Structures are given as C-alpha cells and as structure tokens.
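Trainee: From first to last, the protein sequence lines stand for chains A and B. Numbering (this note's numbering) for the first sequence: 4 to 324. Numbering (this note's numbering) for the second sequence: 46 to 382.
Calculated from the structure, these hints are not laboratory results. A portion of the hints provided could be inaccurate.
To be verified - Below, simulated DSBU-like cross-link-like pairs (lysine-lysine); rule was C-alpha separation at most 30 angstroms, straight line:
(1) A:K232 with A:K243
(2) A:K232 with B:K73
(3) B:K129 with A:K10
Unchecked claim - Which stretches of chain A does chain B cover? Using the computed rule of at least three CB atoms under 8 angstroms from a CB of chain B, they are:
(4) 69-80
(5) 180-189
(6) 225-231
(7) 313-320
Said to hold, decoys possible - Some residues of chain A that are not near chain B, with every Cβ distance over 12 angstroms (derived):
(8) N85
(9) M281
(10) Q282
(11) T285
These numbers come from a predicted model, not from an experiment. Glycine residues also receive a C-beta, built at the ideal position from the N, C-alpha and C atoms.
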Amino acid sequence: MLAFLVKRVGNAILVMLTVAFFAFLIFRFLGDPVELMVNESATQVERDELRARLGLNDSFLAQYVRFVGHAAQGEFGLSWRNQQSVATLIAERFPATFELVIIATLLSLLIGIPLGVFTAIGRGRWWAESLQLSSIVGVSLPSFFVGIILILVFSVSLGWLPGYGRGEVVKLGWWSTGLLTASGRAALVLPALSLSLFQITLVMRLVRAEMLETLRADFIKFARARGVKHRALWFRHALKNCLMPVITLTAMQVGNLIAFALVTETVFQWPGMGMLFMQAVTFVDIPVMAAYLCIVSFIFVTLNTLVDIAYAVIDPRLRAA
Amino acid sequence: MTVATHPSMSDVPALDVRGLSVEFPTRKGVLTALSEVSLTIQRGEIVGVVGESGAGKSMTGMSVLGLLEPPGRISAGEIRIGGKRTDNLGESEMAHIRGRMVGAIFQDPLTSLNPLFSIGQQLIETIRLHSDRNRAEAKAHAIDLLKQVGIPGADERIDHYPHQFSGGMRQRVVIALALAGNPQLIIADEPTTALDVSIQAQITALLRELCREHGTGVMLVTHDMGVIAETADRVAVMYAGRVIEVGPVDEVLSRPKHPYTRGLMGSIPALGARVERLAQIDGAMPRLNAIPSGCAFNPRCLDAGPRCRQVRPAMVAEGKGAAEGGVACLVYDGGVQ
C-alpha cells in the first residue's frame with residue numbers, strides 16, 4: 004500500500020512539473036514581460052535594470068527552477084494589469100469558487116446517487132420512468148438558463164433567496180467563507196443548485212445504469228439466496244460495486260465545474276475565480292493566467308490522485324498494483 | 046449411511062414439491078416451463094436432478110428458492126420446505142426463508158461472491174442474518190465453517206477477498222455460505238460444472254459429507270451423470286419441464302426404464318468398452334412453445350406408438366409414491382398401441 008501511495012504521488016508531482024513547464028513557457032515567451040511592464044518613456048538602462056532584476060538574463064533552466072520554486076510557494080509574481088500580487092488576487096477569489104463547487108458537488112452526489120438507485124430498482128414503474136425521462140431535461144438545459152429561471156422564481160417572484168452576490172463572509176485567515184453566516188448560506192443556494200442540476204442528472208443516470216448492470220450479477224442473486232434483505236442488497240452489495248465510475252466522474256466534473264462556474268458566476272455575480280480569469284484573458288494578464296492554469300491543474304491532479312487511492316480503498320483487487 | 050438418510054426414518058421431508066407448474070406469460074401467449082413437477086427430498090438425502098439444457102432443472106431449483114426471474118410465476122402446485130409451505134409467500138417473507146431454511150450453491154464460484162467484501166464479511170453478514178450471534182461469535186462461527194469446508198489457515202483466510210482464492214477454494218467458501226444459516230435444504234445448481242475435473246470430486250465429496258453430518262437435504266442440479274453417480278442417493282430425470290423418471294441412483298443408472306433415460310445412459314462413454322459410435326438420441330428437446338401432444342418425448346422415442354401421440358403419460362408410482370420413485374411412460378402404463 005505504501006509503495007502504491009509513493010508511486011501515485013510521484014506521478015502527480017511529475018504531471019504538475021510538466022504543467023508548470025507550460026505555464027512557465029507562456030509566462031516567459033508570450034511577448035516580452037519587460038515591454039509589458041515598463042511605461043513607454045523608460046530608458047534602455049531602466050529596461051536592462053528591470054530585466055536583470057526579474058532574472059530574465061539567467062539560463063532557461065535556472066529560470067524554470069525559480070518559477071517552480073516560487074509557484075510551489077504560491078508565488079506567481081505581479082499582475083500586469085494592476086500591479087497587485089497574483090497570489091493575493093487569487094486568494095481573494097478562490098474561496099468563493101471553491102465553496103460553490105464543493106457544495107454543488109456534494110448536492111449532486113447526495114441527490115444523484117439515491118435517485119439513481121431508486122430509478123434502477125423501480126425500473127418499469129411510472130415514477131422511476133418519469134424521473135428518468137425528466138433527467139434528460141436536466142442534462143440538456145444549459146446552466147445559465149437554469150440560473151436565470153432560479154433567480155426569476157426564487158429571488159424575483161418569491162423573494163425567498165438572494166439572486167446575486169455572496170452575502171456576508173467571515174475571514175478565517177486568508178480564507179473568506181460564506182458558510183458561517185445565514186446570508187452567506189442563503190446566497191449559496193441558488194448558484195449551487197444551478198451549477199449542480201446538470202451533475203445531479205448525470206450522476207443519477209450513471210448510477211442507474213451501473214445499478215441495473217450490477218443487479219444482474221450472480222453475486223447479487225447469490226446474496227438474495229443467502230437471505231440478504233433488499234435494503235442491504237441495494238445499498239451495500241450493489242451500490243458499492245457502482246461507486247468506481249461515480250468517483251471517476253465526480254473528480255473529472257469538479258474540474259469542469261470550475262470551468263462551468265464561470266458562467267454561473269457571471270449570472271449570479273459571484274465574486275469567484277471565473278470573473279478573475281475572464282478579466283485576465285481580456286487584458287492578456289499572463290501571470291494571472293499562468294497561476295490559474297497551475298491552480299486548476301493542481302486541483303485536477305490532486306483529485307485524480309485521491310481517486311486512484313479511493314479505488315484501492317474500495318476495490319481490494321487493485322491494492323496490489 | 047446414517048439414520049437420517051433413510052427416508053422412512055425421518056418425519057418431515059426437507060423438500061416436498063407437489064404438482065409444481067411454472068409459466069411465463071409472453072406476448073405470444075403463456076409458456077409452460079414446468080409442468081406438474083413433484084419431488085421430495087428427505088433430510089440428509091441428496092437427490093440429483095438431471096436433464097438437457099432447458100429441461101427445467103434449474104427452474105425447479107429457482108422456484109424452490111423463490112428466485113424465479115419475472116415474469117415467471119408459479120401457476121399451480123405446492124412447495125413445502127421442512128413442512129412449511131413457501132410457494133405462496135411474499136418477497137419479504139421469502140427473504141426470511143432463504144439462507145435459513147434453504148441455502149443455495151450456484152454454478153460459478155468466481156461470480157457468486159461479492160468481489161468488494163472479504164469472505165469473512167460475507168460469512169458474518171449471513172450468520173448474523175440468521176442467528177442472534179454477536180459479531181465476535183459470528184466470526185468464530187465463520188472460522189469454524191471455513192474449517193469444516195476444508196479451507197486451510199481459516200483464521201487468516203477469513204480476512205481475504207474472493208480474488209485471493211482459487212476456483213475450488215471459492216466454491217468451498219460458497220458452500221460455507223450456504224451452510225451459514227444452517228438450512229435443512231440446499232439447492233446446488235451445477236456446483237461443479239465450472240471447476241477442474243480434479244477439483245470436482247473433492248467438492249462433491251465435501252458436499253456429501255457435510256450434508257450427512259448436518260442432515261441437510263440437497264437438490265443437486267446437474268447434467269453430469271458422473272457427479273450424480275458419485276454423489277446422489279436418488280435421481281430425478283427431467284424432460285421438457287416434466288419429471289419423467291425418479292428412483293434410487295443405482296436403479297436408474299443400471300436399469301433405466303424411460304426410453305429417454307435409457308438414451309441418456311447409452312450416451313455416456315464407458316471405460317474399457319470400445320464402441321464404434323456412442324449412442325445418441327436423435328433430434329432435440331422441443332421448445333416450450335412447441336411441445337408435442339401426448340408424451341413430449343414421442344417424436345424422438347424409439348418405442349413410441351400411436352397412443353404416445355395422444356395420451357400424456359402420468360407418473361406411475363413405485364414403492365412409496367410418485368415423488369419417491371416412478372416413471373412416466375405409457376410402456377409401463379397400458380402400452381403404446
């Protein structure tokens with residue numbers, strides 16, 4: 004098990020180094036940083052001085068090593084747009100996106116998995132079939148549309164929940180959380196729902212398909228023959244055998260959610276990373292883009308490593324690998 | 046032979062099936078998969094059920110377990126397990142019977158066990174379902190069961206997962222699981238078919254020994270006459286959803302009465318006897334939707350006469366009643382003419 008862990012974590016580090024290399028390439032070679040940073044009236048001496056100060060005269064390898072070293076400490080330099088530290092910019096925005104994505108993911112699992120199980124065991128009944136049918140609607144509705152409808156119904160018409168912003172936030176060190184205040188939690192409901200609706204239906208359909216497959220397995224029949232009751236049969240024996248693809252999908256989707264969050268954040272004026280990234284792209288703010296690239300891939304790689312480890316925890320057959 | 050194996054000595058049979066019919070409603074009409082099947086199994090007795098694929102052997106076993114695949118349903122007859130009528134029970138009541146009064150062993154030990162749970166977890170789950178032992182007692186009992194089925198190092202092996210066992214060892218685990226609720230009847234559906242020949246003999250010997258010991262009746266569903274000859278006390282031959290001959294193994298194997306049984310026996314190669322060609326029964330078993338009138342076997346039967354095409358032969362009892370021994374053939378019931 005230890006060798007397995009070392010191997011997985013080693014793989015993850017290798018992937019991160021590769022991603023950092025590409026981030027470094029755009030950082031260093033997409034235009035001349037000095038030209039983009041100094042004002043037009045700067046003299047050649049000033050430019051050379053800045054070039055030396057930024058370490059741009061060092062060898063390629065030395066620069067890469069320095070970039071990785073800084074990135075590992077969360078240091079991505081200054082934003083070219085407003086001269087603020089990229090790390091600070093991201094630290095301000097990241098918690099909002101992260102909380103939104105995590106809540107949306109939890110919602111999709113907590114609602115999607117039971118719905119999947121019930122539509123599988125109720126196959127042929129009217130309620131299961133109508134759920135399955137309506138899930139197609141959930142899969143095909145774009146999330147900005149869902150967001151707008153949610154705002155219209157729950158915020159504008161009913162006035163139950165806020166339709167924009169993050170509500171009050173509490174500072175825990177550099178992390179700002181909306182989970183500890185009532186207004187923060189209320190503000191989270193609609194964006195999280197609109198972001199998770201697609202995931203809920205996706206998880207539900209996946210679990211349903213996997214359950215139908217597993218329920219036909221011999222070991223399910225044999226479990227029934229030894230007197231295992233329905234509930235244990237479905238939620239213990241069958242569901243556990245369906246979890247692998249769900250975990251894989253969830254990990255992949257968290258990455259996608261961060262991307263989708265861009266749209267949702269716009270609709271709900273959510274002060275997250277999506278807005279920051281949009282601005283960075285508009286202003287060719289390379290340090291912010293490089294940092295964004297590194298952070299998103301870090302999340303992806305971490306999640307996928309955790310998935311590999313979760314596989315081994317769930318399935319004893321994979322532990323030897 | 047122990048006392049329990051003598052039918053006359055034990056009071057209530059482990060299994061008593063009377064006139065069982067199973068049908069499948071389909072779009073084109075109702076298919077009758079089993080028709081008036083009667084069979085008794087005493088405690089400690091092993092009754093082999095043989096026949097071609099589709100003859101209804103497994104279907105009989107699944108009916109007893111209450112595991113018929115929908116839309117299959119029991120349309121007539123009675124099933125009693127240890128004297129208790131079970132064919133009319135609902136799913137939740139039947140779940141209570143399964144494992145406790147009737148256990149099961151299926152064909153493929155590779156797929157019978159849940160790959161994600163250790164064999165200990167599966168054994169303990171089953172034991173605790175059927176008794177009020179606590180976790181520690183259940184574990185002790187599980188280890189004891191593993192020892193009984195001949196798994197070396199049971200104390201250690203109990204924490205292993207199914208993929209860490211060989212096929213023969215897994216089937217031993219399956220047998221331990223079938224015995225975990227201490228049922229008086231076990232439905233063994235082709236328990237050795239998926240195993241190596243060398244392992245088959247070990248498993249059948251184990252099955253026989255344990256059933257004698259525990260006084261468990263066994264319905265041994267197989268198409269392997271060798272297994273029947275080695276293991277069973279009595280044998281029931283099925284054809285097209287009916288039992289056509291029942292009797293003690295020696296009797297049926299050495300002096301088969303029904304022309305179909307004779308054909309089956311003739312098709313088994315004998316050691317030492319060189320023959321040009323093995324006997325075979327011409328034709329194939331009829332499909333469920335095209336069972337001929339009269340005796341279902343008449344188109345393939347060498348002894349058939351005009352009466353066979355009109356009259357469906359009933360089981361002619363021998364000795365203690367139709368479920369104990371008998372043959373369903375007009376040759377023995379008024380002639381074929």
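Trainee: Evaluate each hint against the coordinates.
Mentor: Evaluated hints:
1. Pair hint K232 (chain A) plus K243 (chain A) holds up; C-alpha atoms about 16 angstroms apart against a cutoff of 30 angstroms.
2. Straight-line distance between C-alpha atoms of K232 (chain A) and K73 (chain B) comes to about 35 angstroms, which puts the hinted pair past the 30 angstroms bound.
3. With a CA separation close to 58 angstroms, the supplied pair K129 (chain B) and K10 (chain A) exceeds the 30 angstroms bound.
4. With a cut-off of 8 angstroms between beta carbons, the segment 69-80 of chain A has 0 residues touching chain B; three or more are needed, and the interface restraint is violated.
5. Closer than 8 angstroms: that is the beta-carbon criterion, and the segment 180-189 of chain A has 0 residues meeting it against chain B, so the requirement of 3 is violated.
6. Under the rule that three or more residues need a Cβ within less than 8 angstroms of chain B, the assignment of the segment 225-231 of chain A holds, with 7 such residues.
7. Only residues whose beta carbon comes within less than 8 angstroms of a beta carbon in chain B count, and the segment 313-320 of chain A has 4; three or more means the coverage holds.
8. Chain B leaves N85 (chain A) outside its interface by the beta-carbon criterion, the shortest separation being 53 angstroms against a cut-off of 12 angstroms.
9. For M281 (chain A), the shortest C-beta to C-beta distance to chain B comes to about 44 angstroms, beyond the 12 angstroms cut-off, and the non-interface label holds.
10. No beta-carbon of chain B is positioned within 12 angstroms of the beta-carbon of Q282 (chain A); the least distance is around 47 angstroms.
11. Listed as outside the interface, T285 (chain A) is consistent with that label: its C-beta sits roughly 50 angstroms from the nearest C-beta of chain B, beyond the 12 angstroms cut-off.
Violated hints, listed in ascending order, are 2, 3, 4 and 5; each of the other numbered hints is respected by the structure.
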